[in-house]
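> Each chain is listed here by its residues.
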Amino acid sequence: KAGVTQTPRYLIKTRGQQVTLSCSPISGHRSVSWYQQTPGQGLQFLFEYFSETQRNKGNFPGRFSGRQFSNSRSEMNVSTLELGDSALYLCASSLSRDEQYFGPGTRLTVT
Amino acid sequence: GENVEQHPSTLSVQEGDSAVIKCTYSDSASNYFPWYKQELGKGPQLIIDIRSNVGEKKDQRIAVTLNKTAKHFSLHITETQPEDSAVYFCAASQGAQKLVFGQGTRLTINP
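Taken in order, these protein sequences are the chains called A and B. Letter 93 of the first sequence, counting from 1, is numbered 93 in the working numbering, and no numbers are missing. Letter 44 of the second sequence, counting from 1, is numbered 44 in the working numbering, and no numbers are missing.
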């Protein structure tokens with residue numbers, strides 16, 4: 001079975017721009033969660049989607065948003081990018097309320 | 001909310017020796033405790049997990065113990081090998097969603 005895939009793997013954006021990241025979960029998994037990883041703050045939960053609905057949300061500003069499609073693929077969007085948004089964005093999938101399996105991440109650099 | 005503390009931040013052991021990483025959590029409602037291994041340039045890989053109705057779980061050279069009363073859990077790796085070198089993260093959550101991670105332990109196995 002193929003693992004979690006994330007595109008693109010690397011991205012460079014300028015302050016003030018917006019960005020969309022994509023995640024395809026493991027086949028059959030219906031839950032997709034997003035995490036931000038930085039050297040200073042570590043791994044932090046952004047939000048979780050299940051059956052196209054946001055089921056859980058972390059403590060991030062409204063500039064961070066996401067959605068899930070009927071095929072369980074998910075996207076996250078960050079608007080009005082700030083330098084501090086530079087991070088590795090990780091997507092994890094699970095069947096429902098089970099173990100989470102992570103993708104390789106998208107490395108976002110904001111200049 | 002939940003807070004997870006992880007120690008030590010770095011650990012260096014001789015090949016063949018054992019390594020122990022410890023985590024404490026604050027929310028007594030947490031009932032799921034996974035451990036992840038992250039290698040350079042990759043996403044976190046689930047290596048073992050434990051739920052609050054179990055005190056210990058083993059998988060070959062890896063074991064995890066949980067003390068619910070003291071709110072701490074530990075990862076034990078025996079007969080360490082060079083390929084065990086990586087950053088290890090503990091996490092805690094209710095229902096395996098919205099994981100709260102520790103700050104990570106960089107484990108180095110010296111040949």
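Because the hints were derived from the structure by calculation, they are not lab data. On a predicted model such as this, the values are computed, not experimentally measured, just so you know. There may be inaccurate statements among the hints.
Simulated crosslink set (DSS-like; lysine-lysine; CA at most 27 Å straight-line) [unchecked claim]: (1) K1/A to K37/B; (2) K57/B to K1/A; (3) K71/B to K57/A; (4) K68/B to K13/A; (5) K42/B to K68/B; (6) K13/A to K57/A; (7) K57/B to K68/B; (8) K57/A to K57/B; (9) K58/B to K57/A; (10) K1/A to K71/B; (11) K57/B to K71/B; (12) K58/B to K68/B; (13) K68/B to K1/A.
> Taking the hints in turn, state whether each one holds.
How the hints compare with the structure:
no.: 1; hint: K1/A to K37/B; verdict: holds, 20 Å
no.: 2; hint: K57/B to K1/A; verdict: holds, 26 Å
no.: 3; hint: K71/B to K57/A; verdict: holds, 25 Å
no.: 4; hint: K68/B to K13/A; verdict: violated, 45 Å
no.: 5; hint: K42/B to K68/B; verdict: violated, 31 Å
no.: 6; hint: K13/A to K57/A; verdict: holds, 25 Å
no.: 7; hint: K57/B to K68/B; verdict: holds, 14 Å
no.: 8; hint: K57/A to K57/B; verdict: violated, 30 Å
no.: 9; hint: K58/B to K57/A; verdict: violated, 32 Å
no.: 10; hint: K1/A to K71/B; verdict: violated, 36 Å
no.: 11; hint: K57/B to K71/B; verdict: holds, 16 Å
no.: 12; hint: K58/B to K68/B; verdict: holds, 18 Å
no.: 13; hint: K68/B to K1/A; verdict: violated, 35 Å
Consistency with the previously given hints fails for numbers 4, 5, 8, 9, 10 and 13, ordered from lowest to highest.
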